[in-house]
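Asks: One letter stands for each residue in the lines below.
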Amino acid sequence: MTEATKPQTVDEALRQFTDMMAADGYVLSWEPSDPQRIVVRIDATEGACADCLVPVNVMEAIMAKALEPTPYALDRVILPADAAH
Amino acid sequence: MAQLEALLDPTGMEAGAADTTLSPRPVSLRGLTIGLLDNTKPNSTLLLETIAAQLQEHHGAGEARLYTKDYFGTPVKETLLEEIVRECDVVITAVGDCGSCSAATVADGIMFERAGVPTVSITSDSFLMSGQAMASVQGFPGFDFYAVKHPMASLTAEEVRERAMTAMPEVLRILGVEEGR
Numbered sequence: 162m163t164e165a166t167k168p169q170t171v172d173e174a175l176r177q178f179t180d181m182m183a184a185d186g187y188v189l190s191w192e193p194s195d196p197q198r199i200v201v202r203i204d205a206t207e208g209a210c211a212d213c214l215v216p217v218n219v220m221e222a223i224m225a226k227a228l229e230p231t232p233y234a235l236d237r238v239i240l241p242a243d244a245a246h
Numbered sequence: 003m004a005q006l007e008a009l010l011d012p013t014g015m016e017a018g019a020a021d022t023t024l025s026p027r028p029v030s031l032r033g034l035t036i037g038l039l040d041n042t043k044p045n046s047t048l049l050l051e052t053i054a055a056q057l058q059e060h061h062g063a064g065e066a067r068l069y070t071k072d073y074f075g076t077p078v079k080e081t082l083l084e085e086i087v088r089e090c091d092v093v094i095t096a097v098g099d100c101g102s103c104s105a106a107t108v109a110d111g112i113m114f115e116r117a118g119v120p121t122v123s124i125t126s127d128s129f130l131m132s133g134q135a136m137a138s139v140q141g142f143p144g145f146d147f148y149a150v151k152h153p154m155a156s157l158t159a160e161e162v163r164e165r166a167m168t169a170m171p172e173v174l175r176i177l178g179v180e181e182g183r
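Just so you know, the protein sequences line up as chains G and H, in that order. Take any residue in the first sequence, count from 1 to its spot, add 161: that is its number in our numbering. Take any residue in the second sequence, count from 1 to its spot, add 2: that is its number in our numbering.
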């Protein structure tokens, strides 16, 4: 594993968005779906603001941009099952 | 017979929405009508009205008209947009302090700019990225908006006024107004 592909590189790239999600009560996590792409998952906590989640196309734009400095591209974003978007 | 119901597009994207040119700036606010678009989030009204009062007191702006969105998480409806465009010379819209409302506030600003009305969209800094992502999705990645310090909802009236005062130089800059004019 090169320096650039270490998990903490992706964690760092997504950190500000992890914080952004936390402000609305959501938890962001990720995992590789193949050697080049990752899946970002958004889970709701008990206090999550149900109406505050951005539309999935906006969320995917955010995550794809954030991953540009990493070796990964975005595969997809998985929102909570009851998300309105 | 089943009725087809139009789906509400949360991004506000419609055909032809690819213009990235800002509307002409007024240089001076003297006598201009200011539209305040409140998205119903806590402290939005006070923030907007405080900014409008500053524009009236120090820059000669005319009447300020307050409008209210019916839902913070989606862009302004076409009928309200048309009403505001018809009645106002510049618009300030706030406040985006969550993921969906910050994205919608930026989408609103872009819609007003494309309708020819200079607009300041105000989000909070925790959701700056949501606003920027929405601007990119709207095909206007360079859209300029202002992010106040987060949080907004829990602030006292005095703290909201402080936020408004801090915002003033950026409000004027985005509107293209020179200080004192």
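For the record, the hints were derived by calculation from the structure and aren't laboratory data. Please note that the accuracy of each hint is not assured.
Claimed, not checked - Simulated crosslink set (DSSO-like; lysine-lysine; CA at most 30 Å straight-line):
1) Lys79/H x Lys151/H
2) Lys151/H x Lys226/G
3) Lys226/G x Lys79/H
Unchecked claim - Some residues of chain H that are not near chain G, with every Cβ distance over 12 Å (derived):
4) Asp21
5) Thr22
6) Pro26
7) Ser30
8) His60
9) Gly75
10) Glu85
11) Gly118
12) Leu130
13) Ser132
14) Met136
15) His152
16) Arg163
17) Glu172
Note that CB positions come from ideal geometry on N, CA and C, so glycine has one too.
Asks: Could you let me know if the closest chain G CB is still more than 12 Å away from the CB of Arg163/H?
Replies: Its Cβ never comes within 12 Å of chain G, the nearest being 23 Å, so this holds.
Asks: Taking the shortest Cβ-to-Cβ distance between His60/H and chain G, state whether it exceeds 12 Å.
Replies: Correct as stated: the minimum Cβ-Cβ distance to chain G is 33 Å, above 12 Å.
Asks: Would the least Cβ to Cβ distance between Glu172/H and chain G come out above 12 Å?
Replies: At roughly 21 Å from the nearest Cβ of chain G, Glu172/H sits farther out than 12 Å, so the non-interface label holds.
Asks: Say whether it holds or is violated: His152/H keeps its Cβ farther than 12 Å from all Cβ of chain G.
Replies: violated, 7 Å
Asks: For the pair supplied as a hint, Lys226/G and Lys79/H, is the alpha-carbon distance within the 30 Å limit?
Replies: holds, 29 Å
Asks: What's the verdict on Lys151/H and Lys226/G, does the C-alpha distance respect the 30 Å limit or exceed it?
Replies: This hinted pair holds, its Cα atoms lying about 23 Å apart.
Asks: Taking 12 Å as the cut and beta carbons as the points, is Leu130/H off the interface with chain G?
Replies: violated, 8 Å
Asks: Taking the closest pair, is the beta carbon of Ser132/H still more than 12 Å from chain G?
Replies: violated, 5 Å
Asks: Report holds if the minimum CB distance from Pro26/H to chain G is greater than 12 Å, and violated otherwise.
Replies: holds, 29 Å
Asks: So is Met136/H really clear of chain G, every C-beta pair being over 12 Å apart?
Replies: Its Cβ does come within 12 Å of chain G, the nearest being 5 Å, so this is violated.
Asks: For Thr22/H, is the shortest beta carbon distance to chain G beyond 12 Å?
Replies: Non-interface label on Thr22/H holds, nearest chain G Cβ at 16 Å vs cutoff 12 Å.
Asks: Would the non-interface assignment of Glu85/H survive a Cβ cutoff of 12 Å against chain G?
Replies: Glu85/H clear of chain G: closest Cβ-Cβ about 24 Å, beyond 12 Å.
Of the hints listed earlier, those the structure fails to meet are numbers 9, 12, 13, 14, 15, in rising order.
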